[in-house]
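*Asks:* Residue strings, one per chain:
There are 2 protein chains.
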Amino acid sequence: MSKVKVSAFSVSLDGFGAGPRQDLENPLGVRGLELHAWFLKTAVFRKIHHLAGGSQGVDNDFAARSFENVGAWILGRNMFGPIRGPWPDDSWKGWWADEPPYHVPVFVLSHYERPPLPMKGNTTFYFVTDGPESALKQAKEAANGQDVRIGGGVSTIRQYLTAGHIHEIHLAFSPVLLGEGENLFAGIHFPKLGFKPVQSTAGEEATHVILKRA
Amino acid sequence: MSKVKVSAFSVSLDGFGAGPRQDLENPLGVRGLELHAWFLKTAVFRKIHHLAGGSQGVDNDFAARSFENVGAWILGRNMFGPIRGPWPDDSWKGWWADEPPYHVPVFVLSHYERPPLPMKGNTTFYFVTDGPESALKQAKEAANGQDVRIGGGVSTIRQYLTAGHIHEIHLAFSPVLLGEGENLFAGIHFPKLGFKPVQSTAGEEATHVILKRA
Chain X
3 MSKVKVSAFS VSLDGFGAGP RQDLENPLGV RGLELHAWFL KTAVFRKIHH
53 LAGGSQGVDN DFAARSFENV GAWILGRNMF GPIRGPWPDD SWKGWWADEP
103 PYHVPVFVLS HYERPPLPMK GNTTFYFVTD GPESALKQAK EAANGQDVRI
153 GGGVSTIRQY LTAGHIHEIH LAFSPVLLGE GENLFAGIHF PKLGFKPVQS
203 TAGEEATHVI LKRA
Chain F
3 MSKVKVSAFS VSLDGFGAGP RQDLENPLGV RGLELHAWFL KTAVFRKIHH
53 LAGGSQGVDN DFAARSFENV GAWILGRNMF GPIRGPWPDD SWKGWWADEP
103 PYHVPVFVLS HYERPPLPMK GNTTFYFVTD GPESALKQAK EAANGQDVRI
153 GGGVSTIRQY LTAGHIHEIH LAFSPVLLGE GENLFAGIHF PKLGFKPVQS
203 TAGEEATHVI LKRA
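Listed in order, the protein sequences are those of chains X and F.
Quick note: to get the working numbering, add 2 to the position in the first sequence (first position is 1).
Quick note: to get the working numbering, add 2 to the position in the second sequence (first position is 1).
FYI, nobody ran anything at the bench for these hints, they're computed from the structure.
Computed from a predicted structure; not experimentally measured.
Beta carbons are placed, not taken as given, at the ideal position from N, Cα and C, and that holds for glycine.
Careful: at least some of the hints might be erroneous.
Rough simulated footprint, nothing fancy, chain X against chain F, three-plus residues with beta-carbon under 8 Å [unchecked claim]:
id, stretch
1, 44-55
2, 100-113
3, 127-136
4, 181-190
In silico lysine to any residue, SDA-like type, Cα no more than 20 Å apart, as pairs [claimed, not checked]:
id, chain 1, residue 1, chain 2, residue 2
5, X, Lys214, F, Glu207
6, F, Lys43, X, Lys95
7, X, Lys194, F, Leu35
8, F, Lys214, X, Glu207
9, X, Lys198, F, Lys194
10, X, Lys194, F, Arg23
11, X, Lys198, F, Val32
12, F, Lys198, X, Thr164
13, F, Lys214, X, Glu36
14, F, Lys198, X, Lys7
15, F, Lys198, X, Arg116
16, X, Lys43, F, Lys142
17, X, Lys198, F, Lys5
18, X, Lys214, F, Ser202
19, F, Lys198, X, Pro84
20, X, Lys198, F, Lys214
21, F, Lys198, X, Arg160
22, X, Lys95, X, Arg116
23, F, Lys194, X, Lys7
24, X, Lys198, F, Glu206
25, X, Lys198, F, Ala39
26, F, Lys5, F, Glu207
27, F, Lys214, X, Lys7
28, X, Lys7, X, His38
29, X, Lys198, F, Glu207
30, F, Lys194, X, Glu36
31, F, Lys198, X, Lys95
32, X, Lys198, F, Lys198
33, F, Lys198, X, Glu36
34, F, Lys194, X, Arg23
Label pairs and their computed distance ranges (CB to CB) [claimed, not checked]:
id, chain 1, residue 1, chain 2, residue 2, range
35, X, Pro120, F, Leu42, 51 to 59 Å
36, F, Pro88, X, Leu42, 52 to 60 Å
37, X, Pro118, F, Glu170, 23 to 31 Å
38, X, Lys5, F, Leu26, 55 to 63 Å
39, F, Arg86, X, His51, 54 to 62 Å
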């Protein structure tokens, strides 16, 4: 069955999925990149960026798994770019240069309309201005039986989570303390939302935990 | 050098060191015991309770390490018992029956005086009513060059942590989500307090992380 899932989402030991003060220089917030150290080392990540080498092993297996059976993505506006408010023009095309790593339709939550943006490698960004429920409906249709992956950021995940739409979450706990930023857990009662950990596996650089909704 | 440390302190993935609604039936709060599943299985735990068997391995090694070079303990009042307010009498002697697992002086923070309570196996509970700084001073003297271990609970650890007294913390992350209870991380900025993770090791049932202050 088609699932709505979060995969390979990195968090700190103190629960932050991004650092504070996101901007053009710090797309993931200050120190946010440290959360993803495990992923940056993998062969999967390097292959996405047309680089050879990279680690094999548990972390790489989880990275590979995160891209399997994904028919569409949903991203919050900040995952797409640093621009806040109305689009000044159509020049910003995402953080990923010409060929984003999605290769499927990507639905970007935004308050501001913009025409669909087709990119190299079969990724098209669609800007959804009528809310997360509409984005999910469109993503499910586009996924055509495959899974919808909620890419983030934290507030987008929290929104779909508390609305009861997410079936499965794979978190990668990095051995990092941030102290501030965007917290995934604060005020969210995962057990009451029906989630419990069904797997915990030590990778080389992160601990991978799978949460499933009963 | 003598250290002030927290050892083998179990937390959930969402940062809780105890469940909600602590009472006589749930000394660790509702579902709090699940956090300690890794510890309860170890040979170290079983030996404390004069039971044979139990697991060897990484979790057991960290359990053993947590009792090494401890010259005195500090406990919050709730770690000692479920009684709130003044002591009705001296009949409550802790959660541990005749022979508590400490075998050294234990300083219990309380607002209510009570004479020292010597127990079998060399544990004596001292009730300190003039604040955590005084308890720490007394514990350091009693430890006589060995380390002082802050046993908990969460609020006691947070108090010593934010006052800058703790040098090292060993957390055991259990693959459990509690959703509510006493949160170790909420509002505490570990990096600003000088802490960073220096080790992360997968045990059989928990991930062991060592935080040290620079």
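*Asks:* Please name the hints from earlier in the document that this structure breaks, with their numbers sorted from lowest to highest.
*Replies:* 1, 2, 3, 6, 9, 12, 14, 15, 16, 17, 18, 19, 20, 21, 23, 26, 27, 31, 32, 37, 38
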